[in-house]
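The residues making up each chain are set out below.
Protein chains: 2
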Amino acid sequence: MSSVHSCTKALASLQRPRQLQHAWRLQSNMANNTFSTSSIMAGNRAIVYNTNGDPARVLSAFSFPELPPPPPDTVNIRFLLAPINPADINVIEGVYPMKPEPDVFLSQAKDHPLFVGGNEGLGKVIDVGEGVVGLQKDDWVVMTKAQSGTWSSAKNVALSDVLKVPKQDLSEAQAATITVNPPTAYNMLHDFAQLVKGDWIVQNGANSAVGQAVIQIAAAKGYKTINFIRDRYGVELLKQHLKLLGATHVVAYDELTEKSLRAKVKTWTGGKDIRLGLNCVSGNTTTLMARLLGNNAHLVSYGAMSKEPLSLPTSLFIFKNLACHGFWQSRWYSDKSLEKRQELLKTLTALMREGKLQGPDYEVLTIGGTESDDSASAKIRDLAARLGQGMYGKKVLLKVEETVT
Amino acid sequence: MSSVHSCTKALASLQRPRQLQHAWRLQSNMANNTFSTSSIMAGNRAIVYNTNGDPARVLSAFSFPELPPPPPDTVNIRFLLAPINPADINVIEGVYPMKPEPDVFLSQAKDHPLFVGGNEGLGKVIDVGEGVVGLQKDDWVVMTKAQSGTWSSAKNVALSDVLKVPKQDLSEAQAATITVNPPTAYNMLHDFAQLVKGDWIVQNGANSAVGQAVIQIAAAKGYKTINFIRDRYGVELLKQHLKLLGATHVVAYDELTEKSLRAKVKTWTGGKDIRLGLNCVSGNTTTLMARLLGNNAHLVSYGAMSKEPLSLPTSLFIFKNLACHGFWQSRWYSDKSLEKRQELLKTLTALMREGKLQGPDYEVLTIGGTESDDSASAKIRDLAARLGQGMYGKKVLLKVEETVT
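Respectively, the protein sequence lines represent chains C and V.
For reference, each letter of the first sequence is one residue, going 13 to 417 in our numbering.
For reference, each letter of the second sequence is one residue, going 13 to 417 in our numbering.
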C-alpha cells in the first residue's frame with residue numbers, strides 16, 4: 013500500500029462520518045499522549061497496524077479509552093470472539109485485493125492512519141444510538157461489511173453493517189465464525205450447479221474450515237461428496253473425522269495420479285456425471301480432480317493453497333462444457349440485498365441448531381485486560397509468527413478483553 | 013477407435029434405417045465387385061476411410077453408383093462444395109470426441125464399416141422423397157447433423173438433418189462454410205457476456221476463420237475488438253487486412269509480454285472493463301491476454317492451437333469474478349430447437365447479404381468426374397499431407413464431381 017494511497021483513503025474516511033467526528037470531540041479533553049502502546053488505560057484495546065507487512069512484525073496491541081455514546085443509527089458493540097482467518101493475514105501483508113479503511117476513532121487519536129485487524133467476529137450490543145430499530149442491548153451481531161476491524165474489545169458500528177444473530181442454541185465460537193466459511197460453503201453448493209439429492213460433488217482442501225462446512229451442508233442436503241486431502245501423519249484418523257462429519261469418500265491427493273481412481277469413482281457414482289467441483293488448492297492435483305468431473309460441470313475456486321495457477325486442458329471446456337468460476341463471500345455480501353443476507357444467516361443458524369453444521373475446531377487466544385500493551389503485542393506477534401509457518405490445525409479465535417488498570 | 017466398437021456402431025446403424033436398406037436392395041442386381049477403388053463407375057464418388065489414422069494415409073476416393081430414389085421424409089442431394097476444416101482431420105485421426113457413424117449405403121456395399129469424411133457442406137436437392145414439405149428440387153441445404161460425410165458427390169439425407177439456405181446474394185463458398193465458423197463467432201459474442209454497442213472484447217487467433225468472423229460480426233454490432241495474431245512475415249499486411257474487416261486494434265503476441273501494453277489497452281478502452289475474451293490458442297499468451305480482462309468477464313475457449321493447457325491465476329476467478337467456458341457449435345446444434353437454428357441461419361445470411369460478413373479466403377480442390385479413383389486418392393492424400401504441415405493459409409473447399417465413364 014503506497015503511503016499516498018493510504019493517506020488519501022484515510023483522509024476520505026476521516027472526512028466522511030460526521031457523527032464519529034462529533035463523538036470524538038466529546039473525548040477532546042483527553043491529552044494525545046494518553047494513547048500509547050507501552051502502557052494501558054482503562055477502557056479498550058485493539059490489535060492494530062499502520063503499515064503493511066509481515067504480521068509478526070507490524071501488528072501491535074493498542075489501548076484506547078471507552079467509546080463515546082453511539083451516534084444516531086449506530087450501536088456500540090463489545091467483541092466477544094473474532095477469528096484469525098488466512099485472508100486477514102493477507103490483508104495485513106497488503107497482498108489482498110480488498111484494502112481496509114483506517115479506523116476513524118483510532119486514527120484521529122494517533123494523527124495518522126491506523127488499521128484494526130480482523131474481518132469477522134461476534135459482537136454484543138452494549139449501547140444503542142438514537143433511531144436504531146431491531147437491535148437492543150445484549151443482542152448478538154455479526155459483521156457483513158468486509159474488513160470491519162474485529163480484533164478489538166469494542167467498536168462503534170453502523171446499523172447497516174451488522175446482522176443480528178439469534179443466540180438460541182448457538183455457541184459464541186459458532187456465531188463468531190458464521191459470516192465467512194459456512195456461507196462460502198453454502199453458496200458454492202447452491203449458486204452454480206443445480207444439484208438434487210443423490211448428486212455427487214468433488215472437493216479438495218476438504219479439511220479446511222470451508223471444506224468441513226461443505227461436507228456437512230452437502231450431507232444435510234443429501235449430496236454425496238468425494239473429498240481430497242493431503243497425505244499426512246494420522247491421515248486415517250482425519251479420514252475418519254471427515255466421514256463422521258458426513259463425507260461419502262475421503263481420498264489422499266496421491267491417489268489422484270493412479271489410473272484406477274477413475275474406475276473407482278465411476279463405481280462409487282454409478283457412472284453419474286459429477287457436476288460440481290470445489291477448489292481451494294489449484295496446481296496439478298486440481299487438474300487431475302477436474303478430469304473426474306462429468307459433462308456440463310462447474311469448477312468453483314475459492315483459494316489456491318498450492319500457490320500454483322489453475323491449469324486445465326482446453327478440451328474440458330470445449331467438449332465437456334466445463335465452466336470455471338471463482339467465489340468470494342465478500343463480493344456476495346456486496347452484491348446481495350439485506351433480505352438475502354438475513355435469509356442466508358437464518359439458514360445457517362438453523363443448520364447449526366439442528367446439529368447439522370458444527371463450528372470449527374478452535375482454540376481461544378485471550379488478550380487479558382490487565383496485560384500491558386507491550387506484553388499483548390508480543391503475544392499477538394508470536395501467534396502471527398506461528399500461524400505464518402502453516403499447519404496450525406485449529407482455528408484461532410481472539411478474545412480481546414476490555415482493559416483495566 | 014477399437015474395431016469392436018466401430019463394428020457395433022456400424023451394426024447398429026445398419027439395422028436402424030429400414031428405408032435405406034430397402035433402397036439398397038433396389039441396387040442388389042449390382043455385383044459386389046463393381047465397388048472398387050482402382051476403377052470408377054458412372055455415378056458418384058466419396059472420400060472415405062475405414063480406419064482412423066493419418067489422413068494422408070487412410071483417406072481414399074471411392075466411386076459408387078447413382079443413389080436410389082429417396083425414401084419418405086428424405087431428400088437426395090448433390091454436394092456443391094464442402095470445406096476441409098481442422099476438426100475433420102481430428103475426426104479421421106480418431107482424436108475428436110465426436111465419432112461419426114459409418115455410411116450405411118457404402119458400408120453395405122463394402123460389407124464393412126466405411127466412413128465418409130467431412131462435417132460441413134452445401135448441398136443442392138436433386139430428388140425429393142414422399143412426405144417432404146418445405147424443400148424442392150434445386151433448393152440449397154446445409155447440414156446441421158454433425159459428421160454428415162459431406163466429402164461426396166451425393167448423399168441421401170433425412171429432412172431433419174438439413175436446413176434450407178436462401179440462395180439470394182450468397183456465394184456457394186459462403187453457404188458451404190456457414191454452419192461452423194460464422195455461428196461459432198456469432199454465438200460466442202452473444203451467449204456469454206451481455207455486450208452493448210461500444211463494449212470491448214479481446215481475442216487471439218484473430219486470423220483464423222472464426223477470428224475473422226468475430227471481427228466482422230463484432231464490427232456490425234458496434235463492439236470494439238483487440239485482436240492478437242502471431243508475428244510473421246508480412247504481419248503488417250495482415251494487420252491491415254484485419255482492420256479492413258473491422259478490427260479496432262491488431263496486436264502481435266510478442267507485445268503481450270510488454271508491460272506497456274496494459275497501459276495502452278487502458279488508453280484504448282478509456283478504462284472500461286473488457287468483459288469478453290475469445291481463445292483458440294491457450295498456453296502462455298492466453299494467460300497474459302486473460303489479465304487484460306476486467307471484472308466479471310467471460311473467457312470463452314473454442315480451440316487450443318498451442319496444444320498447451322489453459323493456465324490462469326486462481327485470483328482472477330476469485331477476486332475479478334472471471335468465468336471460463338468452452339464453446340462447441342456441434343453442442344449448440346444438439347441443444348437448440350429447429351427454430352433457433354433457422355433463426356441463426358437467417359441472421360448470418362442477412363449479415364452476408366448486407367456485405368457485413370465475408371466468406372473465408374479459399375481455394376477449391378476439384379476431384380474431376382473422369383479421374384480414376386487411384387488418381388483421386390493420390391490427390392486427396394497429397395492435400396491432407398500439405399494441410400498436416402499447417403500454415404496453409406486458405407480454407408480448402410472440396411468439389412467432388414459426379415463420375416462419368
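Hints were generated in silico from the structure; no laboratory data involved.
Since this is a predicted model, take the numbers as computed values, not measurements.
Watch out, some of these pointers could steer you wrong.
Same chains, same label: a pair holds when it works inside one copy or across any pair of copies.
When the alpha-carbon atoms are kept at most 30 Å apart in a straight line, the in silico DSS-like pairs for lysine-lysine are as follows [what the hints assert, rightly or not]:
1) 276 - 111
2) 332 - 319
3) 276 - 236
4) 391 - 251
Checked against the structure, which of the hints given earlier come out wrong? 4
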